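Undergrad: Sequences listed follow chains A and B, in order.
Counted from 1, the first sequence has number 257 at position 164 by our numbering; the numbering is strictly sequential.
Counted from 1, the second sequence has number 158 at position 65 by our numbering; the numbering is strictly sequential.
Just so you know, the hints here were simulated from the structure itself, not pulled from any lab data.
Note that the structure is predicted; figures quoted are calculated from it, not measured.
Fair warning: there could be bad hints in the mix.
These stretches of chain B come out as covered by chain A in the derived footprint (C-beta under 8 Å, 3 or more residues) [to be verified]:
no., segment
1, 145-152
2, 205-217
Distance windows between CB atoms, simulated [unchecked claim]:
no., chain 1, residue 1, chain 2, residue 2, range
3, A, A154, B, A396, 21 to 27 Å
4, A, P143, B, G186, 16 to 22 Å
5, A, E144, B, G316, 34 to 40 Å
6, B, G299, A, E439, 43 to 49 Å
7, A, P418, B, K122, 35 to 41 Å
8, A, K238, B, T183, 46 to 52 Å
9, A, A467, B, A150, 24 to 30 Å
10, A, G413, B, G215, 55 to 61 Å
11, A, R281, B, Y180, 52 to 58 Å
12, B, G260, A, P226, 36 to 42 Å
13, B, A150, A, E472, 33 to 39 Å
14, A, P226, B, A245, 47 to 53 Å
C-beta atoms are modelled at their ideal positions from N, C-alpha and C, and glycine is treated no differently.
Protein chains: 2
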Amino acid sequence: MSINRIMRHLGEERSVIREIFEYGNARKKEIGADKVFDFSLGNPSVAPPPEVNAEIARLIAEMPSVQLHGYTSAAGAPEVRAAVADYLKTKFGAPMSTERVYMTCGAAASLTIALTAMSEAGDEFVVVTPCFPEYRVFIEQAGGKVVTAKAAADFHLDLAALERAVGIHTKAVILNSPNNPTGVVYGRAELKVLAALLQKKSDERGAPVYLIADEPYRELTYGAEVPFLPNLYPHTVLCYSFSKSLSLAGERIGYIAVPDGCADADGLFAAVCGAGRSLGYVCAPALFQRVAAKCLGKSGDIAAYRENRDLLWNALRAYGFACVPPEGAFYLFVKSPEPSAKAFCERAKKYELLLVPSDSFGVEGYVRISYCVAKPTIERSLPAFAQLAKEYGLI
Amino acid sequence: MSINRIMRHLGEERSVIREIFEYGNARKKEIGADKVFDFSLGNPSVAPPPEVNAEIARLIAEMPSVQLHGYTSAAGAPEVRAAVADYLKTKFGAPMSTERVYMTCGAAASLTIALTAMSEAGDEFVVVTPCFPEYRVFIEQAGGKVVTAKAAADFHLDLAALERAVGIHTKAVILNSPNNPTGVVYGRAELKVLAALLQKKSDERGAPVYLIADEPYRELTYGAEVPFLPNLYPHTVLCYSFSKSLSLAGERIGYIAVPDGCADADGLFAAVCGAGRSLGYVCAPALFQRVAAKCLGKSGDIAAYRENRDLLWNALRAYGFACVPPEGAFYLFVKSPEPSAKAFCERAKKYELLLVPSDSFGVEGYVRISYCVAKPTIERSLPAFAQLAKEYGLI
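Only chain A is shown next, with the shape it has when bound in the complex (with noise of 0.2 Å):
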């Protein structure tokens, strides 16, 4: 063999997710594309706000394009890096520098470099499950070890768990709120909580357990506060991507952002910039650096997006499914009627009912729908799901 076995294997197993999505647009051609109900993809379906495409029209148009288009610094133009830190200082009040701020190509990217800047050898890294299947992806990547702290029944963290999970070796803890796949959003007295939990394990070693937190459905909420974590523990690196709030998912822009209160906060960030570099991140897309600089707070229309959890989650309560309640995001983590999630998909499939079974995201007996679709499709989909309830006699 004289290529990397492993890099191979992943290229070639598609991800669950893909498969399915492969699968519906198959389908669609077969039966025609109104007939198939596809909740795969977590790809945004609101259009960017008009501030996007106006920006890149008057960036083409005022500035040089040798320079509108040329490198910037590595960790971005100074002025995008000082925007976005007024922006967390101004908007939550948080221990920010211009400094400390590296503009990533988007949310991968903010994880990959935030992991391969921390990992040495013999790190462990705690995820709550279910949880984004590419973290182990990230992690084993940068030669860390994947410790799982399952959720608490209601998918909010259970503290008893992250105990036994973070032992001497964790070098950080990832947290994803509003949260992919379960739409939660955790609140401020359990990440208090746990913020006390990591300050006390970094106390008894001496030497901090970092938080990463993994934030591109952060403006996704509907009415649930979102705590801004490195006001609630010091040792935070934001993981941040405008992918979901500004619609920009295939433009990868995001950043990392290393709080001034964070230990050894100058050296972790001088690591951040050798990861990025060592992993060839020369510089993030500069067009849409100076793009996501202008539309900072800015977002897409969201209401959809509550319109469309609104309408599928009454539904799919009144058909006698059982659903975690969707604070954030755009997931409805729905209990599967029967032990396995993945017999409920092939089941679904008889509808063209396309849903994602909880097992790749670390958990069992759950199936994922994505409602970042067009409403109409939601409202077609609706007698599926009802002969699909009468096929478990919910209804």
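With the hints as your guide, set chain B onto chain A.
TA: Relative to chain A, chain B alone:
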């Protein structure tokens, strides 16, 4: 220590080139920008071709923005991959297929992904020195070992040195032509000998020695032919970037192409996809994928680089400096008139000439001059070069 030491070091150690560039910026503030002659960076100085901004304007006007800025497939938008494959087939008569084109975030990403896809424990990667200093960073990040083969005295290939460097552990040879830092373009004859050598080594060990063609400067030549390596050696992995040809260095857009005749082409391509996934490259920036596809074969005003080259080369030779004949890219590689290139660069600084000593490229006794600057900068710098030559008694 609670962060990764290697990453921290990579982040803290400023590259020599950046160090000089920062010195130049500070110096410009002291004495005026027009009095400092900064030849350190390889940032394109000519504007992108007008088609770039025209296509951006067209896309934001005509394509639904939720689709334009949304995720593409991991390997790239299908129509973009097809356009790249068609271009390579038409332009070079090369055996390229859409299914084995993978869009990347520029040259550094192309290299890190290709290296990560190939590298297994114990693998060696051969580089021809002098070479781009980041090759070492990328190879070591991928878990490989760097083996150097010195170029010949004229900085073309030293086939005997390559024969010695390529052994049973060699996974690939990296070739960069037109070359950074020497400006040399490898000729068809020497490349044919190299191809025969690599084929012989591959046959001996029963596994291919891959050739990684790092080609960001392909279009920047002044008459010399740049033979298309996949046509000379089937096990060539093409790593391309639009940074220099389209002056899009900050936008991070390029591609990897695995030719049809490459050993285990499908397996290698799967490993490329796996490496991209693993390193956090979800997809290449969506807007610029489409812009690049529209601008295939186009380039900025290369004539400006030729004018710069002629002006500077003729002057430096008249002043008695020995230069490698520049056939491509936008670098002049000049012999230091004293043994230490660093000492020569210090002396040049007295005349506000900022040159890069060759040591970080892996050879001693030369300096690199990046002539991708505004022509008036070169014109104003000539008296300084003349004085420097006088100091060495060259004129």
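Undergrad: Compare the structure with each hint and give your call.
TA: Evaluation of the provided hints:
no.	hint	verdict
1	145-152	holds (count 4)
2	205-217	holds (count 7)
3	A:A154 with B:A396: 21 to 27 Å	holds, 26 Å
4	A:P143 with B:G186: 16 to 22 Å	violated, 46 Å
5	A:E144 with B:G316: 34 to 40 Å	violated, 47 Å
6	B:G299 with A:E439: 43 to 49 Å	holds, 45 Å
7	A:P418 with B:K122: 35 to 41 Å	violated, 57 Å
8	A:K238 with B:T183: 46 to 52 Å	holds, 49 Å
9	A:A467 with B:A150: 24 to 30 Å	holds, 27 Å
10	A:G413 with B:G215: 55 to 61 Å	holds, 58 Å
11	A:R281 with B:Y180: 52 to 58 Å	holds, 55 Å
12	B:G260 with A:P226: 36 to 42 Å	holds, 39 Å
13	B:A150 with A:E472: 33 to 39 Å	holds, 36 Å
14	A:P226 with B:A245: 47 to 53 Å	holds, 50 Å
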